[in-house]
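Colleague: Please dock the two separately framed chains into a single complex, following the hints provided.
If you're matching them up, the sequences are chains A and B in order.
The opening residue of the first sequence carries number 562 in the working numbering; numbering runs sequentially from there.
The opening residue of the second sequence carries number 402 in the working numbering; numbering runs sequentially from there.
No false leads were mixed into what you were given.
In silico DSS-like cross-links for lysine-lysine, where the CA-CA straight-line distance does not exceed 30 angstroms:
#	chain 1	residue 1	chain 2	residue 2
1	A	K632	A	K583
2	B	K442	A	K629
3	A	K583	B	K441
Derived from the structure by calculation, the hints contain no laboratory data.
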Amino acid sequence: GENVEQHPSTLSVQEGDSAVIKCTYSDSASNYFPWYKQELGKRPQLIIDIRSNVGEKKDQRIAVTLNKTAKHFSLHITETQPEDSAVYFCAAKGFNKFYFGSGTKLNVKP
Amino acid sequence: DTEVTQTPKHLVMGMTNKKSLKCEQHMGHRAMYWYKQKAKKPPELMFVYSYEKLSINESVPSRFSPECPNSSLLNLHLHALQPEDSALYLCASSQGQSSYNSPLHFGNGTRLTVT
Numbered sequence: 562g563e564n565v566e567q568h569p570s571t572l573s574v575q576e577g578d579s580a581v582i583k584c585t586y587s588d589s590a591s592n593y594f595p596w597y598k599q600e601l602g603k604r605p606q607l608i609i610d611i612r613s614n615v616g617e618k619k620d621q622r623i624a625v626t627l628n629k630t631a632k633h634f635s636l637h638i639t640e641t642q643p644e645d646s647a648v649y650f651c652a653a654k655g656f657n658k659f660y661f662g663s664g665t666k667l668n669v670k671p
Numbered sequence: 402d403t404e405v406t407q408t409p410k411h412l413v414m415g416m417t418n419k420k421s422l423k424c425e426q427h428m429g430h431r432a433m434y435w436y437k438q439k440a441k442k443p444p445e446l447m448f449v450y451s452y453e454k455l456s457i458n459e460s461v462p463s464r465f466s467p468e469c470p471n472s473s474l475l476n477l478h479l480h481a482l483q484p485e486d487s488a489l490y491l492c493a494s495s496q497g498q499s500s501y502n503s504p505l506h507f508g509n510g511t512r513l514t515v516t
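Next up, chain B with everything else stripped away, as it sits in the complex (with noise of 0.2 angstroms):
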């Protein structure tokens, strides 16, 4: 079982399209990360919230918006988006961003596809 559940899956958009990403967990972890990840390379770090914070935002560009309504949900909205902005994107869960030897809990991610 997957303890870090995202929606949808699969998404395909046109890039003038609004669309949002989801991500749940449950584990009671107060630390929330998108990663964005292209074929053949590691997880590339996006945002991170920190008791429903933003704590880390890695210059990403502002089509692509996060949230974090609480504690257990963290959302990404997309506008705007370009083709090359395509690849899997992978929320992430830990019990907390400073917390010694707390492995991040990948959600299956979604595959965004911009046309």
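Looking at chain A on its own, in the form it has when it is part of the complex (with noise of 0.2 angstroms):
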């Protein structure tokens, strides 16, 4: 089956700073990637996704990079802001399930 690692699982960046999630997945066969942000006590959220045909995608202050050829993903964040601290979760979906990611923890200083 497929497995989705994901780094670093904490970061820590200054407000203003950039942040950036990278995941890898194995199976070639997984053909779409969303990302998903959880602030504690809370449901997880869509922030972005990205399908297999596509190398990036941006969406204001956060994007997404995908390479299909070394099968990884990368969420970036600039200008961050302390409301972006959450728990960041990666995923990658196959023919019928959703694999997610370890978690990635992201504090903003302010």
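Modeller: Spelled out as structure tokens, the structure:
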């Protein structure tokens, strides 16, 4: 089955800096890659996603890149703000299941 | 607004109790999921229903029993749970289990404590 690895497990940045979270996957059949943000005590919320036929997608301060050949995808957050502090999960979808990474706790220091 | 509604928000139950978690969505999604999430861990898949039929059971103990009465509702019946079953139980839905680029929409979860 699919194996998704996510790094780093924790990330501390200064407000205004950029943050990058990286994920790798093992199954070349995976074709959809969403990213979820989960604030403490709340549900995971979709923040951005990318399909396997797209290399990059951007939504304001958030961007995701996908390298199908290398089987890795990354989340980029620019101009970080304290409200970006949360746990971020990457995921890869195969035929009928989502496989989650282990999560990255992002701390944005004011 | 949360498009997937879960009740109750919190539940405390003894190991001999029987309780049920409920989930409802009105987005016309045909796939519904139960996930279990422990602190500081990713959601862990338990069950998937596709078009009201059980599609995936991730070897979940029989003390957890899912039910999908119709395309909008999903229940999780709990019986004889163990303290280690204490966790956040998340319901989710998607357009279709095998739909291309269809994300999961999560409910707010039920925080379950087994005493």
